[in-house]
Amino acid sequence: MTTPPAPAAPLLSAHRLAFSRNDEPVFGPLDFSLGPGETVLVEGDNGSGKTTLLRVLAGMLPSAEGEIRFDGKPASRDSRNGHVLWLGHRTGMNESLSAHENLGFLAGLYGTRPGMTAIAAMERVGIAAWIDEPLRTLSAGQKKRVGLARLLLIPGDIWLLDEPYANLDRHGIDLVNALIAEHCARGGATLVTSHGAVRFADPRARHIRLGT
Amino acid sequence: MSRSYLPHWMHWLGSPPNFYRFAGAWRPWLMAAALIAGAIGLYGGLVLAPPDYQQGDAYRIIFIHVPSAWMSLFIYATMAVAGLIALVWRVKLAEVIAMECAPTGAAFTFITLVTGSLWGKPMWGTWWTWDARLTSELVLLFLYLGVIGLYNAFEDRRRGARAASLLALVGIVNLPIVHYSVQWWNTLHQGTTVDFLDPARSSIAPSMLWPLLVMALATHLYFFASLLGRTRTGLLSLESGKQWVRALVDGQPERTTGAPT
Amino acid sequence: MNEGRIGRSMPAAKAGMAGACIALLRRDFVLAWRRRGELFLPLLYAVIVAALFPFALGPDPELLARIAGGVLLVIVVLAMLPALESMFRADLEDGTLEQWLLAPQPLALLALIRVIAHWLTTVLPLIVVMPLLGVLLNLPVKVLPVLIVALLLATPLLALLGSVLSALAAGARRSGILMALMLLPLAVPVVIFAAGAVAAAQSGMPYIAPLMWLAAALVLAIVLAPLACAAALRIAVES
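From first to last, the protein sequence lines are chains C, W and F.
Residues in the first sequence are numbered consecutively from 1, following this note's numbering.
Residues in the second sequence are numbered consecutively from 1001, following this note's numbering.
Residues in the third sequence are numbered consecutively from 2001, following this note's numbering.
With the rest of the complex left out, here is chain C (with noise of 0.2 Å):
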């Protein structure tokens, strides 16, 4: 008689966690999980802690209290290598280098994805005519653009997406809300933040909310 196989575990599971700075708490407790092809939407207005506590779950800052989990075991300091993408304030990339340069490092770093090429990932998000610019003449939007392109081409199971929507018009909104669907019916998770001007796509999200 054989048993059920046992329910898998999230890809990304928080319990308890916490986050203090010079003694104020910051965030927390805070109890949540991601499943492949689930996402979160943690909201809260500007000084909430939303930044400390993606950067606290990608590994960046050490958790005051709490447990993070990756895949049900305990994170350790190389548990997200490979496995995690972090899209933060910051491009990641080098200014003095294009797009297409940047990218291309990027991929003989951490590889990519099946069938993903840095030129297919610069024309889905609408670069193209950019591609061989150094990025410091580029606008903010594009530069967010280029670092949309990088979650495309780098593999990656979780999504760690801090304000991803910042410095992008319309369209570029769209692109950010299609990009996520297509990362979640791949079977991967996002978390994302925002402080809320913008209408979340998905309306199955799970949404946290930091602050008071």
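Heads up, some of the hints might be wrong.
Distance condition first, Cα-Cα at most 25 Å in a straight line; then the derived SDA-like pairs of lysine to any residue [claimed, not checked]:
| hint | chain 1 | residue 1 | chain 2 | residue 2 |
| --- | --- | --- | --- | --- |
| 1 | C | Lys73 | F | Pro2104 |
| 2 | C | Lys143 | F | Gly2095 |
| 3 | W | Lys1242 | C | Arg170 |
| 4 | C | Lys143 | C | Arg170 |
| 5 | W | Lys1242 | C | Gly211 |
| 6 | W | Lys1242 | C | Asp23 |
| 7 | C | Lys143 | C | Asn46 |
| 8 | W | Lys1121 | W | Tyr1053 |
| 9 | W | Lys1121 | W | Val1047 |
| 10 | W | Lys1121 | W | Val1139 |
Bear in mind the hints are in silico, worked out from the structure with no lab data behind them.
Note that the structure is predicted; figures quoted are calculated from it, not measured.
Model the placement of chains W and F on the given structure of chain C, informed by the hints.
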């Protein structure tokens, strides 16, 4: 993080308000003991001990020079150990202790260099020479200054303490160099005269040895007393927003907390 | 036993370690090439300082010959300082370091590759220029090979030590003197051994022992410095 392998008292002491009270209670006693030991040691060294058959009375500066030199190394080791704890386990108390060691260590290193220079002039005819021990002791002073400088370059004191602790650990390779420099290289500085591992090999007269050891005890006691005092101040400024500090300032009875923060 | 499902929903072209190292080296070379005008500055600095010594001390060839080896060593160390200070600053500011934390490769390996690229682009030109500077300071010809070997051992060692310090200082407020203050105590033993080798060669004595010490320290540093550098980078990114 589970701390079940630590003895309970260590767990208790790691909490800033508990350490603050503990340090406040012990500091005056340690300081008094340091002053008494220092008085005894100096009397024994400056008055009781006979003149050296080679150097006359000029040698008596060793009763300050040698204990200071020992302290310059000991304090660095203490700083490195506290820094290691701060880096690996992020214990707030360890961060404060490590950073408060640095100025005292720098001071003892400076005293070592100055007293050595004052001794060197009548002995070797020169205020300074670039031999191995003097050079590595000077390097030690710069290491201390680097740690202090790096710590103060950070706005976030906890990050600064961890960065400076890492620097202290990188520089720890200098310690054996200072200590063994007189054995590895032919230097102007005299060789090892006090051998702790094999006292029979010590080449110093007993009447000079005991004041030296008493002064060593005095400087250790002084360092611990000073460290307790400085750590108290450091904890106050690091924790200035917290309830236990505000209670202290207001003079109200504080809420006792059993768990360390 | 359930295997982790992370990574299985999207099988990817794995980035091999060798491929990643080459990609990072290429990136640093391209960046250095874009700034190739700036790379001449340390060279120019070294030439100017080397040329100043005969003016300051008088052109007596024997005096210059006696001090040439040591002076050239000091010039190289000083010329390395500005580039060392900015080794990680740009990447911290534009967010590249954050991405390194999430890379499939160990952070220590990426740090080591960065040091190698830094040494090749900023220090190797200095060493190549040594014969010219030696002529300016009347360095005895027989000493030149020993000086070159000493520099080939000492400068990577200093670059590795400097990488740890640069990572530590990258997260701090800008302070010009801090890097020099931190590097000096660690550079002193290196300079002592390198200069000892050169001085021994100059007076016809055996010079192998100091070079061996440098080599041993270099091997130790290749193993340990990247680990310390990675720890320092993690502290720098945390803010």
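Cross-check of the supplied hints:
no., hint, verdict
1, C:Lys73 - F:Pro2104, "holds, 18 Å"
2, C:Lys143 - F:Gly2095, "holds, 13 Å"
3, W:Lys1242 - C:Arg170, "violated, 46 Å"
4, C:Lys143 - C:Arg170, "holds, 16 Å"
5, W:Lys1242 - C:Gly211, "holds, 21 Å"
6, W:Lys1242 - C:Asp23, "holds, 7 Å"
7, C:Lys143 - C:Asn46, "holds, 22 Å"
8, W:Lys1121 - W:Tyr1053, "holds, 18 Å"
9, W:Lys1121 - W:Val1047, "holds, 23 Å"
10, W:Lys1121 - W:Val1139, "holds, 21 Å"
Taken one by one, the earlier hints fail for this structure only at number 3.
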